[in-house]
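Letter by letter, the chains look like this.
Number of protein chains: 4
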Amino acid sequence: MKIAFLGLGPMGAPMALRLLDAGHELCVWNRSQDKTAPLAARGARVAATPKATAEGAELVITSVANDSAVRAVTFGPNGLADGLGRGAIHVSTSTISVALARELDAAHRERGQAFVSATVLGRPPAAAAGKLYVMAAGQPTALATVKPVLERIGQRIFEVGEQPWQSNLVKLCANFMIFSTIEQFAEVFALSEKAGIAPATLFEVLSNSFCSAPVHLNYGKMILEGEFSPPGGAMQLGAKDNALILQAGEAFGAPLPMASLLRDRFTASVARGEGELDFCALSNRARDDAGLAPKR
Amino acid sequence: MKIAFLGLGPMGAPMALRLLDAGHELCVWNRSQDKTAPLAARGARVAATPKATAEGAELVITSVANDSAVRAVTFGPNGLADGLGRGAIHVSTSTISVALARELDAAHRERGQAFVSATVLGRPPAAAAGKLYVMAAGQPTALATVKPVLERIGQRIFEVGEQPWQSNLVKLCANFMIFSTIEQFAEVFALSEKAGIAPATLFEVLSNSFCSAPVHLNYGKMILEGEFSPPGGAMQLGAKDNALILQAGEAFGAPLPMASLLRDRFTASVARGEGELDFCALSNRARDDAGLAPKR
Amino acid sequence: MKIAFLGLGPMGAPMALRLLDAGHELCVWNRSQDKTAPLAARGARVAATPKATAEGAELVITSVANDSAVRAVTFGPNGLADGLGRGAIHVSTSTISVALARELDAAHRERGQAFVSATVLGRPPAAAAGKLYVMAAGQPTALATVKPVLERIGQRIFEVGEQPWQSNLVKLCANFMIFSTIEQFAEVFALSEKAGIAPATLFEVLSNSFCSAPVHLNYGKMILEGEFSPPGGAMQLGAKDNALILQAGEAFGAPLPMASLLRDRFTASVARGEGELDFCALSNRARDDAGLAPKR
Amino acid sequence: MKIAFLGLGPMGAPMALRLLDAGHELCVWNRSQDKTAPLAARGARVAATPKATAEGAELVITSVANDSAVRAVTFGPNGLADGLGRGAIHVSTSTISVALARELDAAHRERGQAFVSATVLGRPPAAAAGKLYVMAAGQPTALATVKPVLERIGQRIFEVGEQPWQSNLVKLCANFMIFSTIEQFAEVFALSEKAGIAPATLFEVLSNSFCSAPVHLNYGKMILEGEFSPPGGAMQLGAKDNALILQAGEAFGAPLPMASLLRDRFTASVARGEGELDFCALSNRARDDAGLAPKR
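If you're matching them up, the sequences are chains X, S, Y and B in order.
Under our numbering, the first residue of the first sequence carries the number 1, and numbering increases by one thereafter.
Under our numbering, the first residue of the second sequence carries the number 297, and numbering increases by one thereafter.
Under our numbering, the first residue of the third sequence carries the number 593, and numbering increases by one thereafter.
Under our numbering, the first residue of the fourth sequence carries the number 889, and numbering increases by one thereafter.
These are computed hints drawn from the structure, not numbers from a lab.
Model, not experiment: these values are computed from the prediction.
Glycine is no exception: its CB is placed at the ideal position from the N, C-alpha and C atoms.
Some hints could be false.
Partial list, computed: chain Y residues near chain X (C-beta under 10 angstroms) [to be verified]:
no.: 1; residue: Gly722
no.: 2; residue: Glu842
no.: 3; residue: Leu848
no.: 4; residue: Arg864
One side of the interface only, derived from the structure: several residues of chain Y facing chain B at Cβ under 10 angstroms [what the hints assert, rightly or not]:
no.: 5; residue: Leu764
no.: 6; residue: Ala766
no.: 7; residue: Leu816
no.: 8; residue: Glu819
no.: 9; residue: Asp856
no.: 10; residue: Glu868
The shape of chain X in the complex, shown without the other chains (with noise of 0.2 angstroms):
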């Protein structure tokens, strides 16, 4: 198939390296054009511009990092929408607005093109190994077109609408579980390190018992161990996924208090000098709370 694929981060560069290697005909395209290096070295075609990367695919891939720039190489000067062709497929994997996916649909639609988001879970290694989540949507006959592809990336494909957008917000929902997750170890491990257990105990009985997913491991763990920088998830990004579900709480009707606390907490975060250290940092502030040390 051929695939234009736009933003080649940490996500992105492993997802279409996977592409490459399942056989289709890749074009890529890089905000700064020495990621591209090593696609190029795998057989990828190097575009100049979304536009010029767009032209000719039937499949164009998205990964960038927010709302600003996927609306950068999607309607920028220069932008895919400029090159795709009729009754192509634009399939964005950023963790975007809901109102952006809403236009998004509505400007390929008017253009005769499909729009599909496929938001994913998981870190750069699982994106390496295809072993993301991912969860799809959009109108079926593009999502059985898209679907193959996706397989590639992801070790499970989660078809949650036949509206964009939906995937979105499903994609927020998953991000609010992860920050809740790590405001709830924070507040049991400065209430424990306070009395005197080890939160490194806690967490023994707590993920080996019935707190035991990827969500607790993962995150209880970078918690204890309390190293967060350099940032595998950056605070500000969570801050503005966490502004992003509240944005939807707000347009849909649905007050999310959980969602509320931890909008102080990130704004304390980057008050308090934190702002470039991974989002689990966000458990520094019920230790300042209790008068602990943050931990860096």
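Starting from the known structure of chain X, fit chains S, Y and B onto it as the hints suggest.
Frame of chain X, contents of chains S, Y and B only:
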């Protein structure tokens, strides 16, 4: 071993049965005597008071509802403290306050006895199958004595400290993980329902990817099903446990904003006439906030 | 003075009238032109567009609903920015975001004009009586020029800084005081009602002792009376203002947990069908929580 | 009138003095006897125990710190209950729990005595000047008897109900208004400071416009000045009172999310080593969150 067993409720009865089946010599007591019949039928001796039950026992295990019940069977008229001999051990499996655990420890020491707190994780079927998780804390020698007994009721025994109350704090933290996980699901399910995405779809994604722990599977499913009566875990019991962790947080100097939110949720649940439901009905509060009808 | 006045709503119309009565030469504009009639009858000139209104004015005062309205009358097609001459001053009385105030300041400077933010406290009757409180911020020379004009509409002019946006931040803080005072009363009134003490009795004590400020008297009374329709202050407007202070809190690095709570209250109020009521209906949320019927 | 007065702390001493000056026959007692000297010098009789003080009194007034102190002077060994005659009245001015007020009422009724709760608003200088606000609750005949006495210490007597505990609930609500007003100011002052606007400027605007009540002027000024030691109102006392309103909220079925937030603030204040400061130091928590240094 000569074991006195006090409290034959949904958790106590199956635990006592397992000890009987393992060949221990049991003397049992329960507030309402009819509950003792199945044990008696299997060979247990039945005593009329906690004191009489404890007389001559090497080990007395209590499995009663709360602080005031533990206090009554231990220190009340004809309480176990009056019957238990020097050198014997009191093992409390109840979810009680840190303060009471300290008090019990001191009182038993004074009498030349030992106190072990061995709180458990799991519901009645796990108790019947010997699949509980046991969090034991107390003096090493006492722990060593009771461990073989505990191994009959638990699939794993975590030794969490030398101070008995440490078991109780860990248990309160575990319960907090449950309540706050209910709130997590409550918020995202209300949001997704308002957005026209079936909460079951969202749950399928989460529970099949990174939120796959028993705490997710059990409570997520109960919330989705929305059958909160008769209660597996009573709302009032949950409210009490949540109050105990807040109390511990205050005593040890660790604010717990999520537990504070849960406190408001528990109070509202009772105020809104749901005090007799399972504590999973806490999830109705996020539904209220979103303008959705509560589930029963 | 030659003054252009844009926006003749419940606040703008009485302000404009007072300036007219004070002998200023007014040219007015309103989105729906019928609102201009009373002003025209008193001698004001009526213009067809913001641009036309602003032409030749020494001062242009805007009193419109929100960020997007200010943006439209200023920078939109036929906006005031196209008509206002060099050396003229734009005075914005609207409750807008800090970000837009910064932007307006920069845009006017670039055109050789000055921008003053002069937000106000008080409802329409205070505007008609010249009894508003005015919080003015901007360059000292521009402030000095507009001060005599502002003194016609305000009983007191507070100069809060040299940066126009500082007026907007102070205004957002003032509104936060209102919303959070509503929540204070909502909580204690719900509690006292549940306890069988008439909220009016509690209010009598508080308002006649140490909670006797206008913010207490006005909003306490409105909550007690429970007549939230037609709205004096619209729920949606309140929600917007509360969102703006949270935005400012994020931008400047100050978490505002009470504003986060209010955000959830606003979202729930809209979700529960009270979006068209006065924002005092926020007080219904504490009633919901306590199992009391909402007031209308 | 023959009045027994128990508790000569910063509030009790000036109240007792005013009653003495009004010609009442006083018998006084205080835990540390040195505090009785000034009263004795003005003609009061000094007794050795609460019981001895109460003997022969028509009225016994207690002004002691908290639930346990009231309980001790009333029901403890040599407590007032043992000395007070039938037909006498116990007037409690302390901020105690609703539960204890109920208990006192029942106990005194049983003894053929009456119980009036007469909590007060105001700090020591107001007590010395007879300018307190008194919230009295109890049986009408008992109230009628004590009212002339209360009028010597209060500028206004509010009769808030026939159940003594209603006075205590109103008092707890009043204290909640204070604590939550501190939090209001704490949040906007932290925000304005981060934004480069002097909190004093913001306070000038608010306190000279619509936030001009004593609760604003007193606490706003104390927060701005930031001198929290020695405490006017002790942090621990504030924490206790806030806990009591949460308790009442739970008992009567009214969640109080602002009081829950304050609970976290109080706990954090103690945890961060500010337990000995004035409870206005609660305002330091919003400073922490914003990355500002706490005030002392």
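Against the structure, the hints:
Residue-level restraint check for Y/Gly722 is violated (minimum Cβ-Cβ distance to chain X is 37 angstroms; threshold 10 angstroms). At about 5 angstroms, the closest approach between the beta carbon of Y/Glu842 and any beta carbon in chain X falls short of 10 angstroms, and the interface hint on this residue holds. A hinted interface residue such as Y/Leu848 counts as satisfied when its beta carbon comes closer than 10 angstroms to some beta carbon of chain X; here the least separation is about 7 angstroms, so the hint holds. Checking Y/Arg864 against chain X: minimum C-beta separation of about 8 angstroms stays under 10 angstroms; hint holds.
Using the Cβ-Cβ criterion of 10 angstroms, the hint placing Y/Leu764 at the interface with chain B is satisfied: the shortest such distance is roughly 9 angstroms. For Y/Ala766, the interface hint holds, since its Cβ comes within 10 angstroms of a Cβ in chain B; the closest pair sits about 6 angstroms apart. Given the 10 angstroms rule on beta carbons, the hint for Y/Leu816 is violated: about 14 angstroms separates it from the nearest Cβ of chain B. Interface hint at Y/Glu819: violated, since its Cβ lies 21 angstroms from the closest Cβ of chain B, which is beyond the 10 angstroms cut-off.
At its closest, the beta carbon of Y/Asp856 sits 9 angstroms from a beta carbon of chain B; the interface hint therefore holds under the 10 angstroms criterion. For Y/Glu868, the interface hint is violated, the least distance from its beta-carbon to any beta-carbon of chain B being 25 angstroms, above 10 angstroms.
Comparing the model with each numbered hint stated earlier shows that hints 1, 7, 8 and 10 do not hold.
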